[in-house]
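Protein chains: 2
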Amino acid sequence: MTSRTSVAAVPSVPRKVLTEGSGVNKSIAAIEYAVRGELVLRAEALAKQLPSVDLPFDKIVYCNIGNPQSVGQSPITFVRQVLAGVTCPSLLQPESGNVFPSDVVKRVTDVLAASHGVGAYSESKGIRFIRERVANALQARDDGVPANPDNIYLTNGASEAVKTILSMLVRDHNDGVLIPIPQYPLYSAAMTAFGGTQVGYYLDEENGWSLNMDELETRLSDARAKGITVRAIVIINPGNPTGQVLSRTNMEDVVAFCEREKLVILADEVYQKNVYIPEKPFISFKKVTHEMGADVELASFHSVSKGVMGECGLRGGYMEVVNMDRYIQELIYKVLSVSLCSNIIGQVAIDLMMTPPQPGEPSYELYNKEVDEIYGALKRKAIAMSDGLNTFEGVTCNRSEGAMYLFPRITIPPAAVKAAAARGMASADVLYCIEMLEATGICVVPGSGFLQKDGTYHFRTTFLPPEKEIRNVITSMRRFHEQFMAKYS
Amino acid sequence: MTSRTSVAAVPSVPRKVLTEGSGVNKSIAAIEYAVRGELVLRAEALAKQLPSVDLPFDKIVYCNIGNPQSVGQSPITFVRQVLAGVTCPSLLQPESGNVFPSDVVKRVTDVLAASHGVGAYSESKGIRFIRERVANALQARDDGVPANPDNIYLTNGASEAVKTILSMLVRDHNDGVLIPIPQYPLYSAAMTAFGGTQVGYYLDEENGWSLNMDELETRLSDARAKGITVRAIVIINPGNPTGQVLSRTNMEDVVAFCEREKLVILADEVYQKNVYIPEKPFISFKKVTHEMGADVELASFHSVSKGVMGECGLRGGYMEVVNMDRYIQELIYKVLSVSLCSNIIGQVAIDLMMTPPQPGEPSYELYNKEVDEIYGALKRKAIAMSDGLNTFEGVTCNRSEGAMYLFPRITIPPAAVKAAAARGMASADVLYCIEMLEATGICVVPGSGFLQKDGTYHFRTTFLPPEKEIRNVITSMRRFHEQFMAKYS
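Protein chains in written order, with UniProt numbering: chain A, 1 to 489; chain B, 1 to 489.
Honestly, the hints are just simulated from the structure, not real lab data.
One should not assume that every hint holds.
[To be verified] Per the computed footprint, the stretches of chain B lying under chain A, defined by three or more beta-carbons under 8 angstroms from a beta-carbon of chain A, are:
#1 73 to 81
#2 337 to 348
#3 457 to 463
[Unchecked claim] With a straight-line cut-off of 30 angstroms between C-alpha atoms, the simulated DSS-like cross-links for lysine-lysine are:
#4 K379/A to K273/A
#5 K287/A to K418/B
#6 K163/A to K16/B
#7 K287/B to K334/A
#8 K226/A to K453/A
#9 K59/A to K487/A
#10 K16/A to K16/B
C-beta: ideal position from N, C-alpha, C; glycine also.
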């Protein structure tokens, strides 16, 4: 009734339309997103003080977000050359002095021939030529399981695809989606925004964050007993923030469960190239469902932000849907068409990620050298950091089998729990992370931002800082941890 | 109840979760977006047939969407050089043979120094350095009216910004937003998706699509009488699809109205550089509200997709908010942070649009030559096309004072109205546009897709095809129009 009452408002008492509380959509207001939350804002404030104020550290080390190039990872030469070429085709002219290798020129020419360039809207689903190439690459990845370009939607990062499909799945607050705990907060944020019900299932920390079928069964029947219509399950594989990689058997159990219970599988597979243990290779949910002949609806999400490219700023992503109703696919098209299309450079980056230089091509050697360096460093840093954390008193940390994160469990003394409560913090790990930031400049995210078992405390840290810095990060974390334990014991 | 009943489902009777009707969110299903709708899908189908099937035209002429580079407009050299440079900084090395002018190198170096490059997520609001430069440019545009970088949000095109603010404004179906008729369907689509109420106000076709204050007053009180809480008004200036430019007096009336009635002003100003008549220069709503000292909340949207750059595929946009509650600004940040940030190349493009080369800089001359060519051609094509359409029997077309579109009114014979109804078409102008497409290959959008006065018929066409083609477009349209009138008379 804002408007009607405000007609009578005295001009000298200005009132706003958009205000906290009753003046704004409550679902939007309820969104939480810890990865860019309190800790980060505090870190940015400290970063501004650094030049003037005397702080116990000389820079902020951002371990709060999987943003490799912000902490020193270099982009891959081939990728940037092709993107520069499609952006400024005059660079391909001889008078520009042949700055690019011939395979880069070929890739640029092919994209430009099959599109109106990076400055024109494409089809709402993305440039068809690129979707066809993505389909071919997926077919190769999945040992011949057929892929159809019509089932591929190119989006601004994977986030846009996830939000699109969830907005269609959630009809009202009685609709639920199974979401892992801990989870990546995009899922909780989107469910909150769309007014649906999050049905949490706990990953088994004691068993390397594995996915336990009894747990799924229990959470599903509990939710149904409460009158919730569970429509889908989110599975993040490799896990974020937990870093576990699912085994084929585990995936088959999940698929059978989803087919039996009629749940859409939302497979967040953006870390499929970030797997660090040979005994557990990445397998796509699409391959498993296909080979099982399962009648289950599936959406798989991927992105150029992760993997070894780490091109977060390009916002390139895609969603492949399997076994979706034709009407639903037309509806996805319609929803995406309201934003016209995803950014074209991100679309091209998806093509480069899915189809890298091939043996014999001029860029092949350098490309592989760069990829191997990045991958090797990620693997070494993952191990160094989990090994380091496991030496801290009262800290246990599962090894990262994949992704870019560790999610160590910390023991927090009762005095610290009290102190956090007294400061009105959501959880004692917020206090832990704030004090870590203020003592060391290292910015991590409290476990409570990803959800966790009551009474347990964690934080999520990336292992992305440069190799030469990782040792110092671990040392500073250890020194802080000891001080924190001493202070509150 | 899908899930619960499906537990009992016989495996041999596969059922899907996401289905038409009760199986999908009904607000999302109700979205309509004509610009990428039925006509375009038909056009794409015809384009596929062209090589094999004998059709009365040799190509599709896409006049359905403001996508200049898809119909031959060239990108601006300076813009693409800077974007290529930030994408592939090695091009700045001497060994790459100084391919870029020195001011391009300077722009690239400055952006890279102030960011982590195009491959890293930026702050959720966008790179601060760019927001500061945008603020300076806005201050210059508005003759010194202060602009604050903290009030600027860089987004993936303007669409993302519009959807973000509407999602916060609409609390439930009783909340309404005043939206022009005809309108750009992003607004109706977003209102439908968020479950709010569109309160249409008619632009006055007889008076050059002007905005009539009595009409606003009437629509507002009618809506309130129905129990609708009207929270905001959308104003598209220059207009889309109507092309009118608001006069200062008209804007002042609107601002006073919004202040009195406590309505947020959503100012779609993406065509601010597309004004073709000297007597009506573009004036920003921010400047008018500031100079009136009005206490009104305002959000202004802009984009790199229009203007003379026409860089639709880059998806660069921004929103500047004025007089917004601090909490609301933090909430906008939180909503955007769930998608992490907008694509960085689009962010850089916004900087280039707002701060072009300056006199004395090496790129200045070529930049202005290219801009003048594009602008001059747009202006000539706008006039040629409205003049042409006005010679058609039973067609009246207001001149385009701005933007990229014409919205001619057509007289449709009763027989055609019957035929359209018999084919279950939403409006007789759908039949008109489909038959135009099939006869000429010219793809325009039915007026019904933008809403219009009952019993009136229109279509929206761009005037973007190359100058040498415009004559043919007009000739083909006329020939079709005569055939259509003859066929149904």
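Hint by hint, here is what the structure shows:
no.	hint	in the structure
1	73 to 81	holds (count 4)
2	337 to 348	holds (count 10)
3	457 to 463	violated (count 0)
4	K379/A to K273/A	12 angstroms, holds
5	K287/A to K418/B	52 angstroms, violated
6	K163/A to K16/B	20 angstroms, holds
7	K287/B to K334/A	36 angstroms, violated
8	K226/A to K453/A	21 angstroms, holds
9	K59/A to K487/A	24 angstroms, holds
10	K16/A to K16/B	46 angstroms, violated
Figure legend: structure checked against the earlier numbered hints; hints not met, in rising order: 3, 5, 7, 10.
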